[in-house]
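Participant: Listed below are the residues making up each chain.
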Amino acid sequence: MSAVVLKDMYKRFGAVQVVHGINLEVAAHEFVVLVGPSGCGKSTTLRMIAGLEEISEGILTIDGQTMNRIAPKDRDCAMVFQNYALYPHLNVAENIAFGLRIRRVKKDVIARSITEVAAILGLTEYLERRPADLSGGQRQRVAMGRAIVRHPKVFLFDEPLSNLDAKLRAQMRAEIRRLHNRLGVTSIYVTHDQIEAMTLADRIVVMNDGRIEQIGTPMDLFMNPVSTFVAGFIGSPPMNQFRGTLANDAEGASVTIGGGRISLPDTVPRDPGRDVIIGIRPEYVSLAAGEDTSPVSIKLDLVEPLGSEALLHAAIGEDPFIIKAETLGGVCHLSGLTEVHVPAEMVKVFDAETGRVLNQGPKR
Amino acid sequence: MTDLPASSAGSANSAGEQADGASARPMQERLVWLADHFKREWQIYVMLAPMIIWFLLFLYKPMYGLQIAFKDYSIFRGIVESPWVGLEHFETLFNNSQFLRAVKNTVIISALSLIFGFPVPIFLALMFNEILHALYRRTCQTIVYLPHFISTVIIAGIVITAFSPSAGIVNTIIGWIGIEPVYFLIKPEWFRPIFIGSGIWQEAGFSSIIFLAAIAGVNPSLYESAVVDGASRWQMMWKITIPSIMPTIIIMLIIRIGNLMEVGFELIILLYQPATYQTADVINTFIYRQGLQSGQYDLAAAAGLFNAVVAFVLVMAANSVSKRVSRTSLW
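Top line first, the protein sequences correspond to chains A and B. Residue numbering for the first sequence follows the working numbering, beginning at 1060 and increasing consecutively. Residue numbering for the second sequence follows the working numbering, beginning at 571 and increasing consecutively.
By construction, these hints were calculated from the structure, which means they are not laboratory data. These numbers were taken from a predicted model, which means no experiment stands behind them. From the three backbone atoms N, C-alpha and C, an ideal C-beta is built for every residue, glycine too. Incorrect hints may have been included.
[Stated by the list, open to error] Residues from chain B that keep clear of chain A, each with C-beta distances beyond 10 Å, as calculated:
1) R610
2) I821
3) W901
[As the list claims (entries may be wrong)] Here chain B is said to cover these stretches of chain A; the calculated rule only asks that three of the stretch's residues, wherever they fall, bring their Cβ under 8 Å from a Cβ of chain B:
4) 1109 to 1117
5) 1135 to 1141
[Unchecked claim] In silico SDA-like links for lysine to any residue, alpha-carbon gap of 25 Å or less:
6) A:K1066 <-> A:N1127
7) A:K1165 <-> B:V797
8) A:K1165 <-> B:M807
9) B:K893 <-> A:P1190
10) A:K1132 <-> B:S791
11) A:K1383 <-> A:S1295
If we strip away everything but chain A, and leave its shape as in the complex, we get (with noise of 0.2 Å):
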């Protein structure tokens, strides 16, 4: 049974309608990231969940049971805030306690609650301090007792590592996922950071202007995105994209960018001279020919070394186009590059009007 179920969601700021009719289900124990640039509406969504925004339309059940006018409190949902919204007046163990005093929780039972809670998350040597002597990780730590101490039958995040920098984040990430692990919650988890949700989710739901793009696993969506949109926002850097019109020759389905010709996967509909967008993989572009491979000219123009690899950026004609490449230890022989080889199962070609993804490849 599904533990959230969001059906035909739509929310409505007066004339503005900025989530336009949302169906998702999440599974009971399941950790599913919302993800989406900055206005996309996985926060709205997120805080429809919690009901600190009223549901326009549509249905939210919670385990079975519809929350649409049941007040948040009574959703035994806790959230987790990019800010953290710790009380600062108050120190780790009364922030952490602060739900249960409000339930009137025994002190004993609270007392056990915040030992407990303190040790899961490392913070039992804090607990007297206040928000203002503790770092960036620590109170995220705080926040996140906050949510586990209730025992909740959901865990929303909005946004809970966007404040940390990039090594804590990447910490805080794991000590979350291991944390589910653990206590097997269901968790909606908000990012705008695909590597977040790449890390951290059984499913990412992809959103987009106020609409679910896809939802899948986060190799899912890496290998077979059903949209440009998808395939510039997941993978870091994103895929490479080329506009281009579908031929077919005794060869195959192909498609000519910067006057080389490039193999399709033979999932390509044959469509001669329809416009596509096609799609390549910094990681899947190699340096060597190899099988049913398409030789293509670049012109490098920078190469980032990263350590074990390096970025190389580089143009087909005037597009841009980024390769991932394995160093060797060295740079060198990455430098005087001029032509690369991209495999045709490693295509993805889309419709170059609608953006939909004309290649589906298998479920991952």
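We have chain A; now place chain B onto it with these hints.
Facilitator: Relative to chain A, chain B alone:
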């Protein structure tokens, strides 16, 4: 000597010179830094200048005249030529029953104003914050802000009219329940409640703005988080709003305590009369009568200086206590 590094110690003399040089160098560096800073940020100081000039002209320059509190001042001889008399005026003041009565009244009126008047703007701000209907809230705010913009003379007129024994609304209302008209403004026991009440009526609304601004600065996520945790509006007010604006409340309290000896004497002068001096005469009205009406400027200056010193001690003490107790202070 022992603090100097071994390589720079040398003889006692050279060490001394080096030590002097070391202390002079930071001073020179500091001056250079200051010059650079002024060159770079001169616009800020230009903007600050009017305020500094105002302070110098109207608050610091008059301090020069304070010396007449220690002189037998004559307007014909001037401040400089008037002979010094030491603490004579202070002795006179502390032997003057009217001054001691004024000190007592000042403290009582200020303390009562603080006790009854200080919480009202906070209460109003909290109530305004709870009104969800924007138009209704704005209307209420306008109504309570309005008296602030009325001249003190008109306020006094309204108070005198309201408490008039013949046509005043207060006497009319109490007349309905069979009570004989009372001439409130000549009864010493009624002066303080009327004065403090009218002060609250005039200023509470406007003073609530600062607390409303503090409430507006509370992170909305705190409320949202509390809503999800199950807090009621009442709980949010007690557990989030009030603690969040506590630093502002404390700062305002310190300022108020600093002004404890400054009773709004314009309204007192307009409302009091010899019959109510017993409870109405405060230090400032005493200074006004002695200084301007009786021409005893030196005695009035001594009373004013005493007032200022007490106020200074009070604000220092309040700041220090607040710093220790709540970690909030003016400086």
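Participant: Confirm or reject each hint.
Facilitator: Comparing the hints with the structure gives:
1. R610: Given that every Cβ of chain A is farther than 10 Å from that of B:R610, nearest at about 31 Å, it holds.
2. I821: Its Cβ never comes within 10 Å of chain A, the nearest being 15 Å, so this holds.
3. W901: holds, 19 Å
4. 1109 to 1117: That given contact holds, which follows from 3 residues of the region 1109 to 1117 of chain A lying within Cβ reach (below 8 Å) of chain B.
5. 1135 to 1141: holds (count 5)
6. A:K1066 <-> A:N1127: OK: A:K1066 and A:N1127 at ~11 Å, within 25 Å.
7. A:K1165 <-> B:V797: holds, 20 Å
8. A:K1165 <-> B:M807: holds, 23 Å
9. B:K893 <-> A:P1190: It holds: about 19 Å lies between the C-alpha atoms, which stays within 25 Å.
10. A:K1132 <-> B:S791: Distance of about 15 Å is within 25 Å: holds.
11. A:K1383 <-> A:S1295: Judged against 25 Å, a Cα distance of about 10 Å means the pair holds.
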